[in-house]
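Novice: Residues per chain, in single letters:
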Amino acid sequence: MADALISPVVGGTMMAATACVAAYSIKKVQNDLDDKKVPLMGVMGAFVFASQMINFSIPATGSSGHLGGGMLLAILLGPYAGFLTMASILLIQALFFGDGGLLAYGCNVFNLGFYTCFIAYPFIYKRITRKGLTSGRIFGASMVSSILGLQMGAFSVVLETLFSGKTELPFNTFALLMQPIHLGIGIVEGLVTAAVVNFIWKARPEILEHTAAGTTFGRIPIKKVLTGILVAAIAIGGFVSWFASSDPDGLEWSMERTAGTTELKASESTVHNMLANIQSKTAFLPDYGFKTATGNKTDSYAGTSISGIVGGALTLGLAGLIGLVISVFKKKK
Amino acid sequence: MSKIVDSMYNIRLLDDLARKDTAIHRIHPVPKLLTTIVYLIVVVSFNRYEISGLLPFVIYPMVLILLAELPVMPILKRLLMVEPIIIGIGILNPVFDPKGWITFASIMMKCGLTVTACLILVSTTGLDKIAQALRTLKVPGIFVLQLLLTFRYISVLIEELARMVRAYALRAPQQKGVRLKDCGSFAGQLLLRTFDRAQRVYDSMKLRGFSGDYHSYGKSNVTGKDIIYLMAWSLFFIIARIYDIPAFLGLLFEGMSNT
Amino acid sequence: MSHYKLKVRNLHFSYPDGHEAIKDISFTIYPGESVGIIGENGSGKSTLLLLITGVLFPDKGEVIVGDVSVTKKSLAMIRQRLGMVFQDSDDQLFMTTVFDDVAFGPRNYNLDEKEVKARVDEALDMVGIPHLKDRAPFKLSGGEKRAAAIAGVLSMKPDMLIMDEPTSGLDPKSRRRLINTLKGFSHTKIITSHDLDMVLETCDRVIVIKDGEVAANGTTQEILTNQELLEKCGLEVPLSLQKCPVCGMIKWRPFTN
Numbered sequence: 001m002a003d004a005l006i007s008p009v010v011g012g013t014m015m016a017a018t019a020c021v022a023a024y025s026i027k028k029v030q031n032d033l034d035d036k037k038v039p040l041m042g043v044m045g046a047f048v049f050a051s052q053m054i055n056f057s058i059p060a061t062g063s064s065g066h067l068g069g070g071m072l073l074a075i076l077l078g079p080y081a082g083f084l085t086m087a088s089i090l091l092i093q094a095l096f097f098g099d100g101g102l103l104a105y106g107c108n109v110f111n112l113g114f115y116t117c118f119i120a121y122p123f124i125y126k127r128i129t130r131k132g133l134t135s136g137r138i139f140g141a142s143m144v145s146s147i148l149g150l151q152m153g154a155f156s157v158v159l160e161t162l163f164s165g166k167t168e169l170p171f172n173t174f175a176l177l178m179q180p181i182h183l184g185i186g187i188v189e190g191l192v193t194a195a196v197v198n199f200i201w202k203a204r205p206e207i208l209e210h211t212a213a214g215t216t217f218g219r220i221p222i223k224k225v226l227t228g229i230l231v232a233a234i235a236i237g238g239f240v241s242w243f244a245s246s247d248p249d250g251l252e253w254s255m256e257r258t259a260g261t262t263e264l265k266a267s268e269s270t271v272h273n274m275l276a277n278i279q280s281k282t283a284f285l286p287d288y289g290f291k292t293a294t295g296n297k298t299d300s301y302a303g304t305s306i307s308g309i310v311g312g313a314l315t316l317g318l319a320g321l322i323g324l325v326i327s328v329f330k331k332k333k
Numbered sequence: 334m335s336k337i338v339d340s341m342y343n344i345r346l347l348d349d350l351a352r353k354d355t356a357i358h359r360i361h362p363v364p365k366l367l368t369t370i371v372y373l374i375v376v377v378s379f380n381r382y383e384i385s386g387l388l389p390f391v392i393y394p395m396v397l398i399l400l401a402e403l404p405v406m407p408i409l410k411r412l413l414m415v416e417p418i419i420i421g422i423g424i425l426n427p428v429f430d431p432k433g434w435i436t437f438a439s440i441m442m443k444c445g446l447t448v449t450a451c452l453i454l455v456s457t458t459g460l461d462k463i464a465q466a467l468r469t470l471k472v473p474g475i476f477v478l479q480l481l482l483t484f485r486y487i488s489v490l491i492e493e494l495a496r497m498v499r500a501y502a503l504r505a506p507q508q509k510g511v512r513l514k515d516c517g518s519f520a521g522q523l524l525l526r527t528f529d530r531a532q533r534v535y536d537s538m539k540l541r542g543f544s545g546d547y548h549s550y551g552k553s554n555v556t557g558k559d560i561i562y563l564m565a566w567s568l569f570f571i572i573a574r575i576y577d578i579p580a581f582l583g584l585l586f587e588g589m590s591n592t
Numbered sequence: 593m594s595h596y597k598l599k600v601r602n603l604h605f606s607y608p609d610g611h612e613a614i615k616d617i618s619f620t621i622y623p624g625e626s627v628g629i630i631g632e633n634g635s636g637k638s639t640l641l642l643l644i645t646g647v648l649f650p651d652k653g654e655v656i657v658g659d660v661s662v663t664k665k666s667l668a669m670i671r672q673r674l675g676m677v678f679q680d681s682d683d684q685l686f687m688t689t690v691f692d693d694v695a696f697g698p699r700n701y702n703l704d705e706k707e708v709k710a711r712v713d714e715a716l717d718m719v720g721i722p723h724l725k726d727r728a729p730f731k732l733s734g735g736e737k738r739a740a741a742i743a744g745v746l747s748m749k750p751d752m753l754i755m756d757e758p759t760s761g762l763d764p765k766s767r768r769r770l771i772n773t774l775k776g777f778s779h780t781k782i783i784t785s786h787d788l789d790m791v792l793e794t795c796d797r798v799i800v801i802k803d804g805e806v807a808a809n810g811t812t813q814e815i816l817t818n819q820e821l822l823e824k825c826g827l828e829v830p831l832s833l834q835k836c837p838v839c840g841m842i843k844w845r846p847f848t849n
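Chains as they are written, first to last, in the numbering used here: chain A, 1 to 333; chain B, 334 to 592; chain C, 593 to 849.
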């Protein structure tokens, strides 16, 4: 998910949902503590970051894939620490590599961390490996949970994009595009995760046993399920309240949110008034909407094109001028 | 291998830039972070058909790049590396809507502006100061500490990984990347080293009095200048959001040329 | 500066996999002394240091700092007295800037920021790297990293410095600088190393460990010139005490004058 594809409302809602899950996870990690986990989380985050750069060649396809890491973090650190670790990896990626972005940060942590750590891990991975670890069970559990975790994440991306309304893509098409792509990615992720977990299980079984013992996720699921539902409710509540708002485009609503008031309409009309004033003074331009917003698009585009292009050029020229002044000023200093 | 080198180079470069000393670098990290967030929210709040309204928002990154003396090419390069993903989704728009090209252009512009804003934030602030800002904004110490640790050990582990990849590649000259059947022991080895290192890091933290809590910076104070920075930019963003400046300028221009 | 003696009494330790790393070790280190602990790879040196600092706890026997036995309860107090410098500086430089890293210890003891800053500056001065204050650890050279790691320990004002292989991986110049720095400290020092020439220069006394036991304990002169003992323990006489391969002379005789 990227900043460019989301609306402030979707970004904000997902950020809130992520913050809730993160706050809960921090509390859990702190209670379990075991302050040993803190450096382990940090260094594991660095590991996932580094391991994403290993290209594994996939036999018979000529292509290569790498580890995503969500499931691996959940399996090795437990869901809470795993989620938090994923959150810091993604923050560094957003800041240093421009992957994702700060507004979409909540979406990304949720998509890659929540479904893996809080759904795929407890309900799939733990279920399959409940009767004790075997090489086969680890393989199956890693495969299935990785694939499903990623499918949920991908679907979440589709929903977020759709609700944001920043693209024209119809739901069906987008979903039909995303899900199969992520099926492929999920299989690779599952294979790599399974191989790594199996290796660890053979080399240092105590690591896996420790995590399993540390988080009694399987035994008292009710509280956890309730938490999950609560979080989902917050997230869905955010979406629904947005959806229920008068304008399904989401733009107005998001503006209300941004400005904290419902003054967008008012300000728009001020723009109109002002422009109308100018119009009446110049008495030249025909009567059409200058705000190239959602409204009657087709006509207004043709109409505004000339003044739009000129205005755009002027704006950029102005920007260039400001830049020039700054650099001259800087040089003099 | 190129990916490894690239990410190391990128982290080092941004870290170097963050240690410069310019007017922008000296601004308190909290207002700087907030300004960036306001900028992102405003840019992203434009609808999918908007292009001209986004143009004035070029001013923010441009002014910052100049004032903070950031090099343009590395930022553009990074931008080009991120864009393909966005292009992938954006390019489908024209297929579904005749005006999809406008949507596409709008998305591309937003992507350029938002990514640049993030890169500018980190290269004028540095992760240590951003962490300080997060602490000031009441983000729990545990999270901030493990964020810092992740960042710190990325370079250590990437160097370790680079050695492993080199050793593997030298003995497997016929293939690209690591074979899938080796991936368990390959990534697993790195992971085991990671665990051992985590243990040693933990020991060294314990020996210096770590008790599960992270005590960060004594807070440096936000000055009037910092507030003005935040306020002035926010005001500009909001004005540029509400009034379509290019349309206004275009109108003025036509008005003038016609009188 | 140092008023505590360190006593190690009948220490035993086995790792969970059953490997018996330390089998009955006893010695005493007096305030202000500088003691080298030497022995071949796997002889138990590093484990011994972990036991002294309370990272690991012995199966039998005890470690006494001053008059306090190292137990889980006394750890916080003991650790303020002991400063441990790790073999791999990267394990110890875990913060994102040198300043933050050196400040990590003092901040954990809740000193106010002014005092923290004063201590950091002092520690950086002591190891000669005040100019690296704002640098990120990953951009430092090996020698600079080692110096920063030592500063991170000095800022806690310990009575005793414990160092695991302080000269490993350093180039000759950095090594020389480190040796001079170490000589300048008045702390009680415990140094493990394979760099016997460094031990020769910096330590008054040497303890040789072999297979988890003390093989010898005596003055540096006594031990580092005892070829038979050293070779039996997988070591050799320091280069500077060996005969010159060209002229057959011993160039440097630190103990004769």
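What the hints contain is simulated information worked out from the structure, not anything from laboratory work. Any given hint could be a false lead.
[Said to hold, decoys possible] DSSO-like cross-link-like pairs, simulated, lysine-lysine; straight-line CA separation at most 27 Å:
{"no.": "1", "chain 1": "A", "residue 1": "Lys-36", "chain 2": "B", "residue 2": "Lys-514"}
{"no.": "2", "chain 1": "C", "residue 1": "Lys-824", "chain 2": "C", "residue 2": "Lys-615"}
{"no.": "3", "chain 1": "B", "residue 1": "Lys-471", "chain 2": "A", "residue 2": "Lys-331"}
{"no.": "4", "chain 1": "B", "residue 1": "Lys-471", "chain 2": "C", "residue 2": "Lys-709"}
{"no.": "5", "chain 1": "A", "residue 1": "Lys-332", "chain 2": "B", "residue 2": "Lys-353"}
{"no.": "6", "chain 1": "C", "residue 1": "Lys-665", "chain 2": "A", "residue 2": "Lys-27"}
{"no.": "7", "chain 1": "C", "residue 1": "Lys-706", "chain 2": "B", "residue 2": "Lys-353"}
{"no.": "8", "chain 1": "A", "residue 1": "Lys-331", "chain 2": "B", "residue 2": "Lys-558"}
{"no.": "9", "chain 1": "B", "residue 1": "Lys-353", "chain 2": "C", "residue 2": "Lys-615"}
{"no.": "10", "chain 1": "C", "residue 1": "Lys-665", "chain 2": "C", "residue 2": "Lys-652"}
{"no.": "11", "chain 1": "C", "residue 1": "Lys-775", "chain 2": "C", "residue 2": "Lys-725"}
{"no.": "12", "chain 1": "C", "residue 1": "Lys-599", "chain 2": "C", "residue 2": "Lys-706"}
{"no.": "13", "chain 1": "C", "residue 1": "Lys-749", "chain 2": "B", "residue 2": "Lys-353"}
{"no.": "14", "chain 1": "A", "residue 1": "Lys-330", "chain 2": "B", "residue 2": "Lys-514"}
{"no.": "15", "chain 1": "B", "residue 1": "Lys-558", "chain 2": "C", "residue 2": "Lys-706"}
{"no.": "16", "chain 1": "B", "residue 1": "Lys-336", "chain 2": "A", "residue 2": "Lys-330"}
{"no.": "17", "chain 1": "C", "residue 1": "Lys-706", "chain 2": "B", "residue 2": "Lys-471"}
{"no.": "18", "chain 1": "C", "residue 1": "Lys-652", "chain 2": "A", "residue 2": "Lys-27"}
{"no.": "19", "chain 1": "B", "residue 1": "Lys-353", "chain 2": "B", "residue 2": "Lys-558"}
{"no.": "20", "chain 1": "C", "residue 1": "Lys-824", "chain 2": "A", "residue 2": "Lys-36"}
{"no.": "21", "chain 1": "B", "residue 1": "Lys-558", "chain 2": "C", "residue 2": "Lys-835"}
{"no.": "22", "chain 1": "A", "residue 1": "Lys-202", "chain 2": "B", "residue 2": "Lys-514"}
{"no.": "23", "chain 1": "B", "residue 1": "Lys-353", "chain 2": "C", "residue 2": "Lys-664"}
{"no.": "24", "chain 1": "C", "residue 1": "Lys-599", "chain 2": "C", "residue 2": "Lys-615"}
{"no.": "25", "chain 1": "B", "residue 1": "Lys-471", "chain 2": "B", "residue 2": "Lys-558"}
{"no.": "26", "chain 1": "C", "residue 1": "Lys-665", "chain 2": "C", "residue 2": "Lys-775"}
{"no.": "27", "chain 1": "A", "residue 1": "Lys-28", "chain 2": "C", "residue 2": "Lys-664"}
{"no.": "28", "chain 1": "B", "residue 1": "Lys-471", "chain 2": "A", "residue 2": "Lys-27"}
{"no.": "29", "chain 1": "B", "residue 1": "Lys-336", "chain 2": "C", "residue 2": "Lys-731"}
{"no.": "30", "chain 1": "C", "residue 1": "Lys-597", "chain 2": "B", "residue 2": "Lys-410"}
{"no.": "31", "chain 1": "A", "residue 1": "Lys-330", "chain 2": "B", "residue 2": "Lys-353"}
{"no.": "32", "chain 1": "C", "residue 1": "Lys-652", "chain 2": "A", "residue 2": "Lys-36"}
{"no.": "33", "chain 1": "C", "residue 1": "Lys-664", "chain 2": "A", "residue 2": "Lys-36"}
{"no.": "34", "chain 1": "B", "residue 1": "Lys-558", "chain 2": "A", "residue 2": "Lys-332"}
{"no.": "35", "chain 1": "B", "residue 1": "Lys-471", "chain 2": "A", "residue 2": "Lys-28"}
Novice: Taking the hints in turn, state whether each one holds.
Specialist: Checked hints:
Taking the CA atoms of Lys-36(A) and Lys-514(B), the gap is about 32 Å. The hint is violated against a cut of 27 Å. Restraint check for Lys-824(C) and Lys-615(C): the C-alpha separation of about 18 Å stays at or below 27 Å, so the hint holds. In summary, the hint linking Lys-471(B) to Lys-331(A) is not supported, as the alpha carbons are separated by about 40 Å, beyond the 27 Å threshold. The straight-line distance between the Cα atoms of Lys-471(B) and Lys-709(C) is roughly 23 Å, inside the 27 Å bound, and the hint therefore holds.
For a cut-off of 27 Å, the pair hint linking Lys-332(A) to Lys-353(B) stands: about 19 Å separates their Cα positions. For a cut-off of 27 Å, the pair hint linking Lys-665(C) to Lys-27(A) stands: about 26 Å separates their Cα positions. Taking the CA atoms of Lys-706(C) and Lys-353(B), the gap is near 24 Å; set against the 27 Å cutoff, the hint holds. Simply put, Lys-331(A) and Lys-558(B) have alpha-carbon atoms about 23 Å apart, close enough for the 27 Å limit, and the pair holds.
A threshold of 27 Å between alpha carbons decides the hint, and for Lys-353(B) with Lys-615(C) the separation of about 54 Å lies outside it, so the pair is violated. Of the supplied pair hints, the one linking Lys-665(C) and Lys-652(C) holds, its CA atoms being roughly 17 Å apart against a limit of 27 Å. Taken as a hint, the Lys-775(C) and Lys-725(C) pair is honoured in the structure, with Cα atoms around 23 Å apart against an allowance of 27 Å. Distance check on the hinted pair: Lys-599(C) and Lys-706(C) sit about 36 Å apart at the alpha-carbon level, beyond 27 Å; violated.
With a C-alpha separation of about 32 Å, the suggested pair Lys-749(C) and Lys-353(B) falls outside the 27 Å cut-off, and the hint is violated. Restraint check for Lys-330(A) and Lys-514(B): the C-alpha separation of about 57 Å exceeds 27 Å, so the hint is violated. The straight-line distance between the Cα atoms of Lys-558(B) and Lys-706(C) is roughly 24 Å, inside the 27 Å bound, and the hint therefore holds. Restraint check for Lys-336(B) and Lys-330(A): not satisfied, since their Cα atoms lie roughly 36 Å apart, outside the 27 Å limit.
Distance hint between Lys-706(C) and Lys-471(B) is fulfilled; the C-alpha atoms sit about 22 Å from each other, no more than 27 Å. In summary, the hint linking Lys-652(C) to Lys-27(A) is not supported, as the alpha carbons are separated by about 37 Å, beyond the 27 Å threshold. Restraint check: the Cα-Cα separation between Lys-353(B) and Lys-558(B) comes to about 19 Å, which is no more than 27 Å; the hinted pair holds. Restraint check for Lys-824(C) and Lys-36(A): the C-alpha separation of about 40 Å exceeds 27 Å, so the hint is violated.
The suggested pairing of Lys-558(B) with Lys-835(C) is violated, with an alpha-carbon distance near 70 Å, which exceeds 27 Å. Between the alpha carbons of Lys-202(A) and Lys-514(B) the distance comes to roughly 16 Å, so the proposed pair stays at or under 27 Å and holds. Distance restraint check for Lys-353(B) and Lys-664(C): the Cα-Cα separation of roughly 45 Å exceeds the 27 Å cut-off, and the hinted pair is therefore not satisfied. Simply put, Lys-599(C) and Lys-615(C) have alpha-carbon atoms about 16 Å apart, close enough for the 27 Å limit, and the pair holds.
Proposed proximity of Lys-471(B) and Lys-558(B) is supported: the alpha carbons are some 23 Å apart, at most 27 Å. Using a Cα cut-off of 27 Å, the hinted pair Lys-665(C) and Lys-775(C) is violated, with the two alpha carbons roughly 33 Å apart. As the CA atoms of Lys-28(A) and Lys-664(C) are separated by approximately 24 Å, the hinted pair is consistent with the 27 Å bound. With a C-alpha separation of about 14 Å, the suggested pair Lys-471(B) and Lys-27(A) falls inside the 27 Å cut-off, and the hint holds.
For the hint pairing Lys-336(B) with Lys-731(C), the CA-to-CA distance comes to about 19 Å; that is within 27 Å, so the pair holds. For the hint linking Lys-597(C) to Lys-410(B), the alpha-carbon distance of about 60 Å lies beyond 27 Å, and the restraint is violated. Between Lys-330(A) and Lys-353(B) the alpha-carbon distance is near 15 Å, which keeps this suggested pair within the 27 Å criterion. In summary, the hint linking Lys-652(C) to Lys-36(A) is supported, as the alpha carbons are separated by about 25 Å, within the 27 Å threshold.
Between Lys-664(C) and Lys-36(A) the CA atoms are separated by roughly 15 Å; this keeps the pair inside 27 Å, and the hint holds. In summary, the hint linking Lys-558(B) to Lys-332(A) is supported, as the alpha carbons are separated by about 23 Å, within the 27 Å threshold. Between the alpha carbons of Lys-471(B) and Lys-28(A) the distance comes to roughly 18 Å, so the proposed pair stays at or under 27 Å and holds.
Taken one by one, the earlier hints fail for this structure at numbers 1, 3, 9, 12, 13, 14, 16, 18, 20, 21, 23, 26, 30, listed in ascending order.
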